[in-house]
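Protein chains in written order, with my numbering: chain A, 1 to 117; chain B, 118 to 227.
To be clear, the hints were calculated from the coordinates, so they are not data collected in a lab.
Beta carbons: idealized from backbone N, C-alpha and C, even for Gly.
Hints are not guaranteed to be accurate.
Said to hold, decoys possible - Calculated cross-link-like contacts (lysine-lysine; reagent style BS3-like; alpha-carbon spacing at most 25 Å):
1. Lys119/B / Lys78/A
2. Lys119/B / Lys68/A
3. Lys214/B / Lys78/A
4. Lys214/B / Lys162/B
5. Lys214/B / Lys119/B
6. Lys162/B / Lys24/A
7. Lys24/A / Lys214/B
As the list claims (entries may be wrong) - Restraint ranges, calculated between C-beta atoms of paired labels, are given here:
8. Glu132/B / Glu62/A: 40 to 48 Å
9. Lys159/B / Ile55/A: 34 to 42 Å
10. Gly133/B / Ser73/A: 44 to 52 Å
11. Ser170/B / Gly16/A: 50 to 58 Å
12. Pro8/A / Asp156/B: 33 to 41 Å
13. Asp174/B / Ser27/A: 22 to 30 Å
14. Asp63/A / Asp194/B: 32 to 40 Å
15. Ile55/A / Asp124/B: 29 to 37 Å
16. Ile226/B / Met40/A: 24 to 32 Å
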Amino acid sequence: DAGVIQSPRHEVTEMGQEVTLRCKPISGHNSLFWYRQTMMRGLELLIYFNNNVPIDDSGMPEDRFSAKMPNASFSTLKIQPSEPRDSAVYFCASSFVELIQGTETQYFGPGTRLLVL
Amino acid sequence: RKEVEQDPGPFNVPEGATVAFNCTYSNSASQSFFWYRQDCRKEPKLLMSVYSSGNEDGRFTAQLNRASQYISLLIRDSKLSDSATYLCVVNIGSYDKVIFGPGTSLSVIP
Numbered sequence: 001d002a003g004v005i006q007s008p009r010h011e012v013t014e015m016g017q018e019v020t021l022r023c024k025p026i027s028g029h030n031s032l033f034w035y036r037q038t039m040m041r042g043l044e045l046l047i048y049f050n051n052n053v054p055i056d057d058s059g060m061p062e063d064r065f066s067a068k069m070p071n072a073s074f075s076t077l078k079i080q081p082s083e084p085r086d087s088a089v090y091f092c093a094s095s096f097v098e099l100i101q102g103t104e105t106q107y108f109g110p111g112t113r114l115l116v117l
Numbered sequence: 118r119k120e121v122e123q124d125p126g127p128f129n130v131p132e133g134a135t136v137a138f139n140c141t142y143s144n145s146a147s148q149s150f151f152w153y154r155q156d157c158r159k160e161p162k163l164l165m166s167v168y169s170s171g172n173e174d175g176r177f178t179a180q181l182n183r184a185s186q187y188i189s190l191l192i193r194d195s196k197l198s199d200s201a202t203y204l205c206v207v208n209i210g211s212y213d214k215v216i217f218g219p220g221t222s223l224s225v226i227p
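Using the sequences and the accompanying hints, generate a full structural model.
Here you go:
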């Protein structure tokens with residue numbers, strides 16, 4: 001079975017440009033997470049969706065960041081305008097959660113390495 | 118206090134050694150605990166869940182102390198392939214929201 005798919009794997013852009021990161025979760029999973037990882041701050045949760053609905057976006061840094069999940073098999077994270085401090089690895093993860101069982105294993109995609117010049 | 122804290126290391130140990138990692142968490146309502154492993158320039162992957170009674174998977178043993186809000190991971194007979202960063206993960210209330218610790222770096226030396 002295919003795991004979580006992310007694209008692009010690498011992105012180099014100039015400050016001020018719009019960046020769109022894409023994620024396809026594992027089929028059948030109902031929760032999707034966007035994380036950002038840097039050396040300084042570690043792995044930070046930006047936003048997560050359950051059944052395509054944003055549940056918690058308190059980790060989104062500011063209005064320049066937005067995320068959507070139009071259907072169960074696709075999500076985007078957009079940064080507009082991008083800044084050098086956005087340079088990081090962005091991971092998407094998915095899981096299947098049944099409320100009665102609580103937290104379940106998250107499966108991560110390979111990540112998108114973003115460099116904003 | 119950070120929600121999840123770990124000793125950053127690095128831990129440099131010889132092959133065959135036993136090494137233990139510690140993790141503390143601040144939310145007493147946390148119910149689910151995990152250890153993930155992240156290799157250099159790769160994504161995190163689940164190593165093992167941590168159960169109240171403690172659990173073992175081969176050379177790996179995880180322990181939970183709810184009273185002290187403390188989790189541990191013990192690796193016995195270290196292999197070169199164990200070299201990675203080990204992330205302590207704790208849920209923080211809602212069913213599937215978790216917080217990742219900063220990670221502990223392990224290097225197993227020949």
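Right, here's what the structure says about each hint:
Straight-line distance between C-alpha atoms of Lys119/B and Lys78/A comes to about 28 Å, which puts the hinted pair past the 25 Å bound. As the CA atoms of Lys119/B and Lys68/A are separated by approximately 29 Å, the hinted pair breaks the 25 Å bound. Annotation: proposed proximity of Lys214/B to Lys78/A holds, straight-line Cα distance about 21 Å (limit 25 Å). Restraint check for Lys214/B and Lys162/B: the C-alpha separation of about 16 Å stays at or below 25 Å, so the hint holds.
Annotation: proposed proximity of Lys214/B to Lys119/B holds, straight-line Cα distance about 16 Å (limit 25 Å). Note on Lys162/B and Lys24/A: the hinted pairing holds, with a Cα-Cα distance of about 17 Å set against a maximum of 25 Å. Using a Cα cut-off of 25 Å, the hinted pair Lys24/A and Lys214/B holds, with the two alpha carbons roughly 19 Å apart. Look at Glu132/B against Glu62/A: about 46 Å separates their beta carbons, and that is inside 40 to 48 Å.
Checked against the given bound of 34 to 42 Å, the beta carbons of Lys159/B and Ile55/A, roughly 27 Å apart, lie outside it. Distance hint check for Gly133/B and Ser73/A: the Cβ-Cβ separation is about 46 Å, which falls inside the suggested range of 44 to 52 Å. Checked against the hint of 50 to 58 Å, the pair Ser170/B and Gly16/A passes, with Cβ atoms roughly 54 Å apart. Taken as a hint, the range 33 to 41 Å is violated for the pair Pro8/A and Asp156/B, whose Cβ atoms sit roughly 21 Å apart.
The hint said 22 to 30 Å for the Cβ distance between Asp174/B and Ser27/A, and at roughly 27 Å that hint holds. Between Asp63/A and Asp194/B the C-beta distance comes to about 51 Å, which lies outside the given range of 32 to 40 Å. Checked against the hint of 29 to 37 Å, the pair Ile55/A and Asp124/B passes, with Cβ atoms roughly 32 Å apart. Range check, Ile226/B to Met40/A: Cβ separation about 27 Å, and the 24 to 32 Å hint holds.
In summary, the numbered hints that this structure violates are 1, 2, 9, 12, 14.
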